Every structure is written in C-alpha cells, then in structure tokens.
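The listed protein sequences derive, respectively, from chains C and D.
Going by the working numbering, 100 is the number at position 100 of the first sequence; the sequence numbering is gapless.
Going by the working numbering, 33 is the number at position 33 of the second sequence; the sequence numbering is gapless.
Simulated from the structure, these hints should not be mistaken for lab results.
If you're wondering where the values come from, they're calculated on a predicted model, not measured in any experiment.
Just so it is clear, CB atoms sit at the ideal spot from N, CA and C, and this is done for glycine as well.
Wrong hints could be hidden among the right ones.
Derived contacts from chain C toward chain D, CB cut-off under 7 Å, selection only [stated by the list, open to error]:
1) 28
2) 30
3) 43
4) 91
5) 102
6) 106
7) 108
8) 109
9) 113
With a straight-line Cα cutoff of 20 Å, these simulated DMTMM-like cross-link-like pairs (lysine to aspartate or glutamate) come out [unchecked claim]:
10) D:71 to D:56
11) C:68 to C:14
12) D:100 to D:52
13) D:100 to C:44
14) D:17 to D:67
15) C:68 to C:44
16) C:68 to C:56
17) D:100 to C:56
18) D:3 to C:63
19) D:100 to D:84
20) D:55 to D:67
21) D:100 to C:57
22) D:17 to D:52
23) D:3 to C:18
24) C:78 to C:63
The following label-pair restraints were derived from C-beta to C-beta distances [said to hold, decoys possible]:
25) D:62 to C:97: 22 to 30 Å
26) C:55 to D:27: 35 to 43 Å
27) C:40 to D:51: 25 to 33 Å
The primary structure of each chain is shown beneath.
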Amino acid sequence: DAGVIQSPRHEVTEMGQEVTLRCKPISGHNSLFWYRQTMMRGLELLIYFNNNVPIDDSGMPEDRFSAKMPNASFSTLKIQPSEPRDSAVYFCASSLRTGGKDTQYFGPGTRLTVL
Amino acid sequence: SQKIEQNSEALNIQEGKTATLTCNYTNYSPAYLQWYRQDPGRGPVFLLLIRENEKEKRKERLKVTFDTTLKQSLFHITASQPADSATYLCAPGGAGNNRKLIWGLGTSLAVNP
C-alpha cells in the first residue's frame, strides 16, 4: 500500500488567496483526520470523518476553514481566505478502528506558508 | 480542559543508555495511550499502544508503562542508538465512539554516538 498521500507537499501563497489541500487515505480505512502542527501548539486536530461523514469539527479555527470527504478515497481541506497565521504543516491521517483502538497512519504533510 | 504534558526539554543521552520519556495527562481518563515517533519533515509513525488495564507493554527495545492512578505513561528505549534520535509523541485516546487522540507536544531525543 502506498500509505496516506497528500498534495501538495509545499504551498506558498499570499494572504487572501484560497488554499486547497488534498488527501488520499489508505484503502480500507474508515476514518480520516486533518491535523495542523506548529512548534508552539503541536498537533491540533481540526476535523475527523468516520465513513465519509464529518463527526467532530470543533478544532476548525473559524469559518475560513472547511473540509469535505466526497468519497472514501479523497478528502480536501480548504482555507479561504488564507492568513499568515495559517502557516503550519497540515497532516492528514487515516485509521481503521480494530479491537477498540485507533492507530493512525499519517501522510507526509503539506507545509503551508502564507505571506 | 484535557492536557497532555511531556518533557519540554530535549533529552540527550549516550549511545547504549536507556532513554526514559514521560507523559502526564490531566482532566482525562483515556482508555488507551499511544506513542508515536516523528522525524523532521515527516508525519508521526505509530510505535506502541497500551490499554488502561495493562501496566506494561514491550516491543523489542521499547517499553511503555501506564499508571492510571498517577495519570502517567513512561516510554523507555533500552540500548539506545543514534538512529533512535527523533521526537516522540504521546497520544491518549478515548473509549467507545470517541475517535480523537489528544496529543502532547513531544519530547526531542538525541542519542549521541
């Protein structure tokens, strides 16, 4: 299996522009997680989906952030309009809950820089 | 609010020694706790999981303990090697339908040859 695939790996954009991050989870996994990581705050869960349905979006900073999962093999995280404080590494992770536990498999991340 | 605390300072040890990393949690009763390793420029990678009813778990040179009374987990790497140098993240998880993991900031470990 190729693992979790994220694109782009790096994104540099100007304040006010729309940014779309993409994720392909591991085939067969039924949960997908979007995280943001910064030095100061560590890994923060933004939103997670179970069977393509958003379950908890309490970590989404504000209305500028939105996420979709139209099918089991694709998800997007969109920021519109982007701001410099959104600069961070964004990770997508997928999991298949077995035996009551969740082991999450992370993608390589997208490093976002908003100028 | 739920809080996870890990050694904030980087840990430097000599090759061959045992590294011990600490994870403390408050306002939380996790059903299990996971440890991940993260290398620079990469996503976290799962290492070990320990359940609330387990005291200790081992995998090769790794050992994890879980004390629900102290609300603490210890992560040990025995016979450490320079290749073990990385950031280690602690992530307690909930029970039932709660799929969320709460993440610590991680502890940076450097193993010197």
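These are the hints, each one checked on the structure:
| no. | hint | result |
| --- | --- | --- |
| 1 | 28 | violated (16 Å) |
| 2 | 30 | violated (10 Å) |
| 3 | 43 | holds (4 Å) |
| 4 | 91 | holds (5 Å) |
| 5 | 102 | holds (6 Å) |
| 6 | 106 | holds (3 Å) |
| 7 | 108 | holds (6 Å) |
| 8 | 109 | holds (5 Å) |
| 9 | 113 | violated (14 Å) |
| 10 | D:71 to D:56 | holds (14 Å) |
| 11 | C:68 to C:14 | violated (23 Å) |
| 12 | D:100 to D:52 | holds (16 Å) |
| 13 | D:100 to C:44 | holds (11 Å) |
| 14 | D:17 to D:67 | violated (24 Å) |
| 15 | C:68 to C:44 | holds (18 Å) |
| 16 | C:68 to C:56 | holds (13 Å) |
| 17 | D:100 to C:56 | holds (9 Å) |
| 18 | D:3 to C:63 | violated (26 Å) |
| 19 | D:100 to D:84 | violated (27 Å) |
| 20 | D:55 to D:67 | holds (7 Å) |
| 21 | D:100 to C:57 | holds (11 Å) |
| 22 | D:17 to D:52 | violated (28 Å) |
| 23 | D:3 to C:18 | violated (33 Å) |
| 24 | C:78 to C:63 | holds (10 Å) |
| 25 | D:62 to C:97: 22 to 30 Å | holds (23 Å) |
| 26 | C:55 to D:27: 35 to 43 Å | violated (22 Å) |
| 27 | C:40 to D:51: 25 to 33 Å | holds (31 Å) |
The structure fails to meet hints 1, 2, 9, 11, 14, 18, 19, 22, 23 and 26 from the earlier list, while all remaining hints are met.
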